[in-house]
Every structure is written in structure tokens, then in C-alpha cells.
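**Q** Now for the letters of each chain:
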Amino acid sequence: MAVHDYIRQRFFPHMWCPGCGHGIVLNALLHAVDGMGLDKKDLVMVSGIGCSARISGYVDFHSLHTLHGRALAFATGLKLSKPELRVIVPMGDGDALAIGGNHFIHAARRNIDLTAIVMNNRIYGMTGGQFSPLSGPGILATTAPYRNIDSDFDVVELARAAGASFVARTTTYHVHEAIDLLTRAIAHKGFSVVEILSQCPTYFGRKNKLGEAAEMLVQYRTTTARLGSRRLAEHPGLIARGVFVETQRPEYCESYDQVMARAMAEAQR
Amino acid sequence: MQKRIRFVQGNEACVEGALYAGVSFYAGYPITPSTEIAELLSERLPARGGKFIQMEDEIASMCAIVGASLTGRKVMTATSGPGFSLKQEAIGYACMAEIPCVIVNVQRGGPSTGNPTHVGQGDVNQARWGTHGDHNIIALTASNHQDVFAVTVDAFNLAETYRTPVILLFDEVIGHMRERLVLPEPGELELVERLHTSVPKDVDYHPYLPREDGRLPMSDFGGEHRYNVTGLYHDMWGFPTSSPKIVNGLLRHLMDKIDNRVHEITRCKEHYMDGAEYVLVAYGASARSAIHLARSRRRRGEPIGVIELQTLWPFPAHLVREKCRAAKAVLVVEMNMGQVLHQVRAAVAEPERVFLVNRFDGMLITPTNIQQIIRVIQGRGM
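Here the protein sequences line up with chains A and B, keeping their order.
Position one of the first sequence corresponds to residue 7 (my numbering), numbered consecutively onward.
Position one of the second sequence corresponds to residue 116 (my numbering), numbered consecutively onward.
The set of hints was computed from the structure by calculation and includes no laboratory data.
Errors might be hidden in some of the hints.
As the list claims (entries may be wrong) - With the C-beta cut set under 8 Å, the calculated list includes, among others, these residues of chain B facing chain A: (1) R188; (2) Y208; (3) V344; (4) F470; (5) L471.
Beta carbons: idealized from backbone N, C-alpha and C, even for Gly.
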């Protein structure tokens, strides 16, 4: 099946700004799904609110565009109700880790079989460029005109500590790597997190004088390095990319199947 | 066949009603005085193949049942005041996206953390207007456990019929009091199942194009039809739009689907209403005291009757107006600062004859409390 068979062409053109990285994430995701040969009828995309969240409307899956920060909570109910569905949850950085932070750590703790994609552009784009919990100190934003003093989360460390059983990071520059990581995340049984650094030239880039979209993409090449690479060993200040966690532990819906089996056995006694 | 008779708390009667109606998914968070509902369903649901999940908070619980409802299940959550406040965001989502679900609020004293282990009825207006923006809602209540069972079944039926959240507004006294419950036999009460679309596979399905009767046949997530669901104003495919024509049409649809059926949705019970000159309008635990008073005063020949509301929203104004027409005085009995009072005053021809009998100190309003106000109205002193 060609990639365009996975989109709803009726709803294009999309609403993202020129140069936005989110379209690259969509592209990588569709290639991952296509490569896996998944049936659209088994795929659900659940998103929250923000620029990132609009991704769910463009894919020809079952799509649920929910509330700001709550995508994982809706997705948890949907997945537990019908575990045979594959549920992909793309979120923005503010969406996933500010207002949605509690749902994020608890979905990871349960190890419920969802694929969370954090489309991290380090800014609230839809509301016009306010700092997010992933902006980091020193950043300029419309609510940090004297530079941001808020520390940022490391999504990978947070997901690992909370119990996610697959955790990876890549960028919109590294599209083939993104396709590979998304494929592995979707195939993984358990809660998987893929952080994809995604450029926002309109607000984050312009405010912080990082140049146009193409220049921001090049920065993803120069400021990151593959996990285990010599480059990363020589320059430990670079942002690491790759798979950080890949473990097997009991998946929530499968554990619940055992609860049902125990309850039914007791009811018959 | 011998009737199955149980001696249960109101919360348990609610659970029995929900199971009878076919609930198969529950998400919740512990909160007094509704917790027994979660505890009981954590035991009962898995034994019958249903799903129970204790979520990280009240917000997530409400979101989870909406997600589960989209896969075709009958879903429920239960809470009390503070949790009801937190659920409002996703209740609004369910109104907008038209997702059937049932929310139980076993009311306690508010505002804020308030009086957690004591009774209150202060969430009546919140049930109607708790979530932002114009919207419509159905809220039901009951004063005894047989009715708790029945209105719980009704709540699921109405949620499926109108594709809307339905709120069960009980209170601490009803939730925790124990009394007799006769379990209806299967088939004894009518059950409404979800209306599914008959549009075949590969034919364009319009999830948000109402039929002539206003109903929207659904397609389960995971089924043949893939469509979008959103809390934004949306077109017939469920895709976001801000087209003034579509925004206007959708909000009218959301209001009309319930407003146009008020006569079918709403109901109340009458107690000792023959020739009643003093009409007590009451609901939930307050109705128990009102009925008790009317029964004892009738024995002395005093013409006191009770209209017991079972539907709080949409407010049954036509029923209240009709039944209070001949009353010398109408007394609204409730455990708050006067919430249903305003609805009754708006409904009747002579609002100056409507009085409030209330109590909001966490104690159950008593027949004596009501009798004292009647005496004052009659000019007989306290």
C-alpha cells in the first residue's frame, strides 16, 4: 500500500506552518505503518490539543482528537476496552509533559501497550510561542521575555524512571532513523515512548534566532549524536539519539486478562 | 420464581442497576462517599468479562470511559463533589462529541473538600452547568434503593438513545443507607442498546449526520468505518471546522436533541397529591423526609402532598407547573442554599407562593424542619 493510502486527502492541505517539523513526523509514522503492513482498521490515533494533535485528523485510522493533555487517559480506556487495537498517541511537549504529565507517568507505570510520540518543538506553538516544560533555561518565549528560568525535563529519563518499557529519541532531520524507531515502538508490547525533536521555525526558531527551518534541521544534525557512537563519547554534551530502554515486563491489558480469569474462576467456585 | 431480595446500600443498588443495564467498563478514582461503587465493580466486572480500571485521577477516569465507550461498551464512572468538578472538562467533551456515558455523583457537603462524610445536595446546578459553554445534559435522581436501581438503568438507556452523558445525582444518605432491594428479573426492565450504523463497508459513513429523528447511529472504533472524533466544532465526518453555518447547526442540534424530548425524558412521582394544598417539591434523601411528613400529616387530615423529582435536568417545568397549579403554597425541600428552588419559581404561575425549606449543615433534613416552615407559612408560628 502506498503511503498516501493512509491519509485522508479530503482534509488536506494541513494546517501546519511552512517549515514545521510535524509533517516530517507524520511522514515517518506513515512509512513505519506502511512498512509493518498494518491494517488501517486496527489502528487508532489518539491525540490531545495543540499543533501536534492535529496529526490525528489527517490519518485514515480511527482517530480521536481529545482534550489538552488527556490523550493518554482516553487512549488507556480505549486500549483496555479493546486490546486488539494498536493505539498510537502523538502529543506535543506541553501537551504530554505539562498538563498531561500525570497521565504520562501513570501510563508508563502501568506499561499499557500504547505508543506515545512526543513531538518536541520546545514551545507552545498554537497559542503563539509560550515556553514549555521542555524549553529549558535561557530560552526566549512570549511568556519569557527576559529568558526562561524553568528547568526542563529529559523525556527519556522521565519515561525510563516512570516505567516505560521502550524509550527512544530522534529528530526530524533523521527521518530514516525515525521510521525505524517508530516501527520498533509500535511493534513493542508495552508502553513505548519516542521523543522526536521537531522544529518550530515560526515561534521557537524566530524568537531564539535559530534561523529558518532548514537551518534548524541542520542544528539537529550537529547537536545530536547516536547512542554508543564515538562522536557522543567524545562530545558528551551532545543530545543522544537511539533506543535507551527496550525491556519486557508485564503489559497492563494482558495482566488484566489474568484478573478476569481469576475472577471468573472464583465466581464459579 | 422466588424474587431475589437484597439488603443493600444505595451505592450497591446503583451497581446492581448498572450491571443489569449492561455496563462493561468502569474507570474511577477513590472518593467518599461514592467509593463503594468502584469497590463493588472491581469485583463484579472482571467476573463477567468487563473491565475495571482505577485511574490516576478523576480527570483521567472520565477520559477513559469516553475512550472505552467509542469501542461500543456501556461505560460508567462514579465520584463526589471535588471529583465531579474535575470531570467537567471531559463531560463537556462527551457532550460535544456525543459519546454515551454515565457519571454518578454521590453528593456530599460542598464547596471544595467541604463535608466529605455528610450529606449535601449542592451539585444540582453544577450537574447542569458545570462544564463551560452552552450544552445540554440529562441528570436523574432517586430517593430509595428500588428507584436508584431503576434510574440507573434509565441513565444507560438515555445515554444510548440521545448519545449524551447522563448524570446520576445521588447523595450521601442514599448512597450509604441500607434498605431492601428487589432485583428485577432479566427482561423485566427495558434496556436500550446502542444504535449502530447500517452503512456498509467502503460506503462513506457520516458519523455526525443526524437521521431525521435526530439520532446518530454509531460505528465502533475497530469496526469497518474509520472516522474522526473531536471536541472542536465538526462537520458530518467529524472533522474540525469553524464554518459559522456548521457551528450554528451543531450547537442547535446538541440543545434540540434533548429539549425537543423533554416530555419523553422527564418524570416525577406523586405522593399524597389528591387535593394537596401544600405541595412539597423534593428529590433524593430530602424526598424521604417530605414523604414521611406528608404521610403523617395526611393521617391528621392536613392536605400535604409531595412531588418527587426523578429528572432534575432537563428540568420538568411542565410537570411542576401542572401539579402545583392548585397549591396554596409550594415548598421546595433540598439540602443546599436553594438550587431547584429557582427552577420551580420559574416554572409556576405564582412564584411568590414558592418557599424554600432547606438545610445545609451536613445533617439530613427532617420532617420537623419541613413542618416548622409550613406552620410559619400558615401563620401558626414555629
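**Q** Which of the listed hints are broken here?
**A** 4, 5
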